[in-house]
Amino acid sequence: MTMVAILSGAGISTDSGIPDYRGPDGLWRRDPEAERLVTYGPYMADPEIRRRSWRMRLDGPVLRAEPNAAHHAVAAYERSGNALRVITQNVDGLHQAAGVPERKVLELHGSARSVVCTACHARSSMAEALERVQAGEADPACLACGGILKSATVMFGQRLDPEVLGQAMAIAKGTEVFIAVGTSLQVQPAASLAGIAAEHGARLIIVNAEPTPYDPVADEIVREPIGTALPALLEGLR
Numbered sequence: 010m011t012m013v014a015i016l017s018g019a020g021i022s023t024d025s026g027i028p029d030y031r032g033p034d035g036l037w038r039r040d041p042e043a044e045r046l047v048t049y050g051p052y053m054a055d056p057e058i059r060r061r062s063w064r065m066r067l068d069g070p071v072l073r074a075e076p077n078a079a080h081h082a083v084a085a086y087e088r089s090g091n092a093l094r095v096i097t098q099n100v101d102g103l104h105q106a107a108g109v110p111e112r113k114v115l116e117l118h119g120s121a122r123s124v125v126c127t128a129c130h131a132r133s134s135m136a137e138a139l140e141r142v143q144a145g146e147a148d149p150a151c152l153a154c155g156g157i158l159k160s161a162t163v164m165f166g167q168r169l170d171p172e173v174l175g176q177a178m179a180i181a182k183g184t185e186v187f188i189a190v191g192t193s194l195q196v197q198p199a200a201s202l203a204g205i206a207a208e209h210g211a212r213l214i215i216v217n218a219e220p221t222p223y224d225p226v227a228d229e230i231v232r233e234p235i236g237t238a239l240p241a242l243l244e245g246l247r
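Quick note on this note's numbering: the sequence shown kicks off at 10 and runs consecutively.
Be a bit skeptical, because a hint or two may be false.
Using C-beta positions, here's what the derived DEER-type ranges look like [said to hold, decoys possible]:
hint: 1; residue 1: A78; residue 2: P56; range: 38 to 44 Å
hint: 2; residue 1: A241; residue 2: D55; range: 43 to 49 Å
hint: 3; residue 1: R88; residue 2: G166; range: 34 to 40 Å
hint: 4; residue 1: P56; residue 2: A241; range: 23 to 29 Å
hint: 5; residue 1: D148; residue 2: P110; range: 32 to 38 Å
hint: 6; residue 1: I157; residue 2: A179; range: 31 to 37 Å
hint: 7; residue 1: A241; residue 2: R141; range: 30 to 36 Å
hint: 8; residue 1: L246; residue 2: G155; range: 30 to 36 Å
hint: 9; residue 1: R232; residue 2: A136; range: 34 to 40 Å
hint: 10; residue 1: M53; residue 2: P234; range: 19 to 25 Å
hint: 11; residue 1: T11; residue 2: A136; range: 35 to 41 Å
In silico SDA-like pairs for lysine to any residue, Cα to Cα no more than 20 Å straight-line [unchecked claim]:
hint: 12; residue 1: K113; residue 2: L169
hint: 13; residue 1: K182; residue 2: P198
hint: 14; residue 1: K113; residue 2: P240
hint: 15; residue 1: K182; residue 2: L46
hint: 16; residue 1: K113; residue 2: S123
hint: 17; residue 1: K182; residue 2: T11
hint: 18; residue 1: K113; residue 2: G175
hint: 19; residue 1: K182; residue 2: Q197
hint: 20; residue 1: K182; residue 2: Q167
hint: 21; residue 1: K113; residue 2: L139
hint: 22; residue 1: K113; residue 2: P222
hint: 23; residue 1: K113; residue 2: T221
hint: 24; residue 1: K113; residue 2: D170
hint: 25; residue 1: K113; residue 2: M10
hint: 26; residue 1: K182; residue 2: F165
hint: 27; residue 1: K113; residue 2: A85
hint: 28; residue 1: K182; residue 2: S123
For the record, the hints were derived by calculation from the structure and aren't laboratory data. Don't be surprised by glycine CBs; every beta carbon is placed ideally from N, CA and C.
Generate the whole structure from the sequences, applying the supplied hints.
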């Protein structure tokens, strides 16, 4: 049985109504100031940044988004008995919502569906925190210790969890087919997983609208829309 690993980036979720960050119409190009709302230093230092961040989460599409055809294709591939691991740069939880088991999804950048206290590390649901924002708490504090709450995501300025990254590297080294889908492959160390897979003999397939730094070492490059290209690709691998 062929072992397949998928590294998914923001592009896989755009059909679900979640904008990407670095594409031609990405969030950072449209609103460069928005990056400060998810950067750890400013977030921790400035209550106004936190208030704006909570409003962004409340008004944002992530918690309302539904899996699209690409997410469902990945889940269907796994359900058919194929060996699969998903490594995602996304924080939207849509792979799991589509039916990929939690144990088979590595969330490199954490999850936007939970919140964590920066002081005592208590975790709770994002939905619960946003209910407090809707009720009038512009910058809700930790109910356990009063500390600053943030989404359970890796913000700019924070390191990836070394254990999670180590697992991702082990998957990249051991897989036979590595599919990078909807990712610019510009953010390290996540992007390096494509190179690691290729160096260890995996067939590297890149599905992305724009060129990436790893195109020269790819065995196959697909520029077609992800919602149709990824289901067709996975069907061909069955």
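Verification of the supplied hints:
1. The hinted window of 38 to 44 Å between A78 and P56 holds, with their beta carbons roughly 41 Å apart.
2. Between A241 and D55 the Cβ separation comes to about 46 Å, which falls inside the hinted range of 43 to 49 Å.
3. Look at R88 against G166: about 38 Å separates their beta carbons, and that is inside 34 to 40 Å.
4. At roughly 49 Å, the beta-carbon separation of P56 and A241 lies outside the given 23 to 29 Å, and the hint is violated.
5. At about 35 Å, the CB distance of D148 to P110 agrees with the hint of 32 to 38 Å.
6. Checked against the hint of 31 to 37 Å, the C-beta distance between I157 and A179 comes to roughly 33 Å, which is consistent with it.
7. For the pair A241 and R141, the beta carbons lie near 44 Å from each other, so the given range of 30 to 36 Å is not met.
8. Checking the proposed 30 to 36 Å range against L246 and G155 shows it is violated: the Cβ atoms sit about 51 Å from each other.
9. At roughly 37 Å, the beta carbons of R232 and A136 sit within the given window of 34 to 40 Å.
10. Hint check: M53 to P234, Cβ distance near 39 Å, so the stated range 19 to 25 Å is violated.
11. Between T11 and A136 the CB atoms are about 38 Å apart, so this pair conforms to the stated range of 35 to 41 Å.
12. For the suggested pair K113 and L169, the alpha carbons sit about 18 Å apart, so the restraint of at most 20 Å is met.
13. The suggested pairing of K182 with P198 holds, with an alpha-carbon distance near 15 Å, which does not exceed 20 Å.
14. About 19 Å separates the Cα atoms of K113 and P240, which keeps this hinted pair within 20 Å; it holds.
15. Distance check on the hinted pair: K182 and L46 sit about 35 Å apart at the alpha-carbon level, beyond 20 Å; violated.
16. Distance hint between K113 and S123 is fulfilled; the C-alpha atoms sit about 19 Å from each other, no more than 20 Å.
17. With a C-alpha separation of about 14 Å, the suggested pair K182 and T11 falls inside the 20 Å cut-off, and the hint holds.
18. This hinted pair checks out: K113 and G175 have alpha carbons roughly 15 Å apart, not beyond 20 Å.
19. Between K182 and Q197, the direct Cα distance comes to roughly 17 Å. Compliance with the 20 Å bound is thereby established for this hinted pair.
20. Proposed proximity of K182 and Q167 is contradicted: the alpha carbons are some 25 Å apart, above 20 Å.
21. The hinted pair formed by K113 and L139 fails the criterion: a straight-line CA distance of about 28 Å is larger than 20 Å.
22. Of the supplied pair hints, the one linking K113 and P222 is violated, its CA atoms being roughly 27 Å apart against a limit of 20 Å.
23. The hinted pair formed by K113 and T221 fails the criterion: a straight-line CA distance of about 26 Å is larger than 20 Å.
24. Between K113 and D170, the direct Cα distance comes to roughly 17 Å. Compliance with the 20 Å bound is thereby established for this hinted pair.
25. For a cut-off of 20 Å, the pair hint linking K113 to M10 stands: about 16 Å separates their Cα positions.
26. Between the alpha carbons of K182 and F165 the distance comes to roughly 26 Å, so the proposed pair goes past 20 Å and is violated.
27. Using a Cα cut-off of 20 Å, the hinted pair K113 and A85 holds, with the two alpha carbons roughly 13 Å apart.
28. Using a Cα cut-off of 20 Å, the hinted pair K182 and S123 is violated, with the two alpha carbons roughly 30 Å apart.
Checked against the numbered hints above, the structure violates hints 4, 7, 8, 10, 15, 20, 21, 22, 23, 26, 28; every other hint is satisfied.
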